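Asker: So you can see what is in the structure, the chains are spelled out below.
There are 2 protein chains.
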Amino acid sequence: MNHIQGGVTAAKGFKAAATAAGIKYQNRTDMALLYCEVPCRAAGTFTTNLVKAAPVLWDQKLLHAAHAVQAVVVNSGIANACTGAEGLAFCRETADAAAEALSIAPEQVFVVSTGVIGMPLPMDRITAGVHAMAPLLSPSPESGHAAAEAIMTTDTHPKEVAVQLELGGHTVTIGGMCKGSGMIHPNMCTMLSFVTTDAAISRDMLQKALSADVQDTYNMISVDGDTSTNDTCLLLASGLAGNPEITAPGEDFTAFCEALHTVNEALAKMMAGDGEGATALFEVKIVGAANKEQARILSKAVITSNLTKAAIFGHDANWGRVLCAMGYSGASFDPNQVDLYFESAAGRLQLVQNGVALPYSEEEATRILSQPAVTAIADLKMGCETATAWGCDLTYDYVKINADYRS
Amino acid sequence: MNHIQGGVTAAKGFKAAATAAGIKYQNRTDMALLYCEVPCRAAGTFTTNLVKAAPVLWDQKLLHAAHAVQAVVVNSGIANACTGAEGLAFCRETADAAAEALSIAPEQVFVVSTGVIGMPLPMDRITAGVHAMAPLLSPSPESGHAAAEAIMTTDTHPKEVAVQLELGGHTVTIGGMCKGSGMIHPNMCTMLSFVTTDAAISRDMLQKALSADVQDTYNMISVDGDTSTNDTCLLLASGLAGNPEITAPGEDFTAFCEALHTVNEALAKMMAGDGEGATALFEVKIVGAANKEQARILSKAVITSNLTKAAIFGHDANWGRVLCAMGYSGASFDPNQVDLYFESAAGRLQLVQNGVALPYSEEEATRILSQPAVTAIADLKMGCETATAWGCDLTYDYVKINADYRS
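Chains A and B, in that order, give the protein sequences. Residue numbers for the first sequence follow the numbering used here, so the first one is 551 and each next one is one higher. Residue numbers for the second sequence follow the numbering used here, so the first one is 551 and each next one is one higher.
Be careful, since some hints might not be right.
As the list makes no split between identical chains, a pair holds if one copy fits it or if it spans any two.
[Said to hold, decoys possible] Derived lysine-lysine pairs resembling BS3-like cross-links, with alpha carbons at most 30 Å apart:
| hint | residue 1 | residue 2 |
| --- | --- | --- |
| 1 | K611 | K931 |
| 2 | K819 | K842 |
| 3 | K835 | K931 |
| 4 | K950 | K819 |
| 5 | K819 | K931 |
| 6 | K565 | K611 |
| 7 | K835 | K758 |
| 8 | K758 | K611 |
Please keep in mind that the hints were generated in silico from the structure rather than gathered at the bench. Just so you know, these numbers come straight off a predicted model, no measurement behind them.
So here's chain A without its partners, still in its complex pose:
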């Protein structure tokens, strides 16, 4: 498996376009269109929030009916959440516009939104945006990049990745883009992530691969502990790579899953590191766990601890907050057995042995914690399972961005 340039248009058959539709932002693109030359097999995972945005309901319905999806329309200005029955009508109208512009059926169009909750969609601008984008569709990396830019909200940079692997003598590509930033604490999936592949793979195996992998990738990141109403991860497979179709577990499926994991993990980490106001990517590894679930719960508790996140911002090796967060996580372990380390490009430092503080140099600790990516490692010494969660520091800018997000 190799990393390659590109993103959501890297796999065969996929085209993208973007436009400044004026949904909410001025002087920037805020709509993206993703299209495949052929009908795709699709898999998706969505927010578990009881309050689901209308587009989530629309997409879940399409997935459930196993429609051969060919397009995705995204707007990044208004979430179309808490909009009642009107919200679903907005989705239908958006799909109708794309169906007309692309000569496909409305049931082949996923609709995805992110942005302000509770406001109605300006349908005239949405429809105009769809018709403006259709003629611009292109498989070029630039088009994929433009789409990745158009779906950003408070993200500071677009997020793309692509990899290639060999399956049955054929080159298979998987590429993706996503946006994150705030209200990020995915539960089933991230804010918005779009992954495309040209692999020939059955619908069941595609969904199986995605559902399993989100547990270790998108579901392991958190910016602020708030699970969005719009979390959506879509995986589209065009089948154009020509590989023997994957219809059951086996060597090819395992290779596909590994490559998919690489893409999903890369996108998830980009979101965590570009959390609203973040100055650092904060990674928490639990090792020596008795089981996977325990390791996941513990790593997520630390990654979501406001006090720990503020300490990371202050480059303060305040390991007591890490141990405290583990303690209230709900997972059982023996605090008197835990070893704790901080690690970064600047080195590795053990701070706790068997639950008790070791003497260490504050200077060295500050040096290690001043890197743009910092890892806390806790060894439970109970078994050999591990889990990693990704988040970011809690900063003045997080407060600033969210104290006046709507103004």
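Since chain A is already given, all that's left is putting chain B on it; use the hints.
Answerer: Just chain B, lined up with the frame of chain A:
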């Protein structure tokens, strides 16, 4: 029941003192001593964090053995958490010092700590502090106030309250003090709260009253979602009021519980409103719930939502974040049935009806949200249960305080 001046020394028999022992802070008091002329019946609730500070273990042991407690020693510089076997020895030495100074047994001395995790206690200063305070013990309101000041960490003001009620023709007093500020998301009890009463009440009924009431008071506040290693709430009863002893449920017990609730709720709200960096007390009321547990879960989810808290700081009526937090809380309800209001001293405004936005004046909303105490009310229309949670806004100062707490 009447509110009266005073705090932890208001009830008959209780004396307090404070001193600047130099545990961590300079130029301020950082140790408090609470003493009762007679042995007390004691009740307590403690952190449910798996990582428990040594003083929590010490106090739990005393409570379990039903010792007739007569003194409490508090230091607010170092938490004595994650200090291993040495931590318990610190507790024992502290109790020994108090026992010697007060001519009581070490098993009659509760030891309570808050502050930095992982550092050893400077026992020479602790012991000197205890001996310095013993001769200063006084039942005056000023002494109670001095103790309330000495237990503060990042609190901006001391927190005290006292009430009186009549039981069997006798005046019974309940008073208390507490400290909160950061790492506040009590689970069983708050950071540190000390409530004293002269009521004659059996040990069982005392614990019963406290255990029931913390569910609706301390356990309903959150500053940052971090459940401390040191949460401790102690309730001491001297029995000096002369009322017929409460030994079973009945009119007197109900009256006592009501008065205790008034004290606990007042202290809990003071902690929430004085959360680290807070500019506003944020109250969330769930009404029309099917059951109490549902109401509690929903109100706590909103109170701990970083996004909602940042919006309160920005005086932004971002009700979508409130509904979003309710949605991911884990409690079930019908989003399409929810009515949502914001309320403060400046008025009341409905923003959502049956899950959909109502038109409203942003100007009026900002006016309502600019008060020092703001309430969000969600009506589920499912039943008649209610719950209220208290928290505060998320501000630049919260980040500032916690990015360099140790420096």
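Asker: Next, verify each hint and record whether it holds.
Answerer: Going down the list of hints, with the structure as the test:
no.	hint	result
1	K611 - K931	between (45 Å within a copy, 28 Å between copies)
2	K819 - K842	within (20 Å within a copy, 39 Å between copies)
3	K835 - K931	within (13 Å within a copy, 43 Å between copies)
4	K950 - K819	both (23 Å within a copy, 26 Å between copies)
5	K819 - K931	within (27 Å within a copy, 41 Å between copies)
6	K565 - K611	within (24 Å within a copy, 68 Å between copies)
7	K835 - K758	within (25 Å within a copy, 41 Å between copies)
8	K758 - K611	within (18 Å within a copy, 51 Å between copies)
Every hint, counting from the list given before, is met by this structure.
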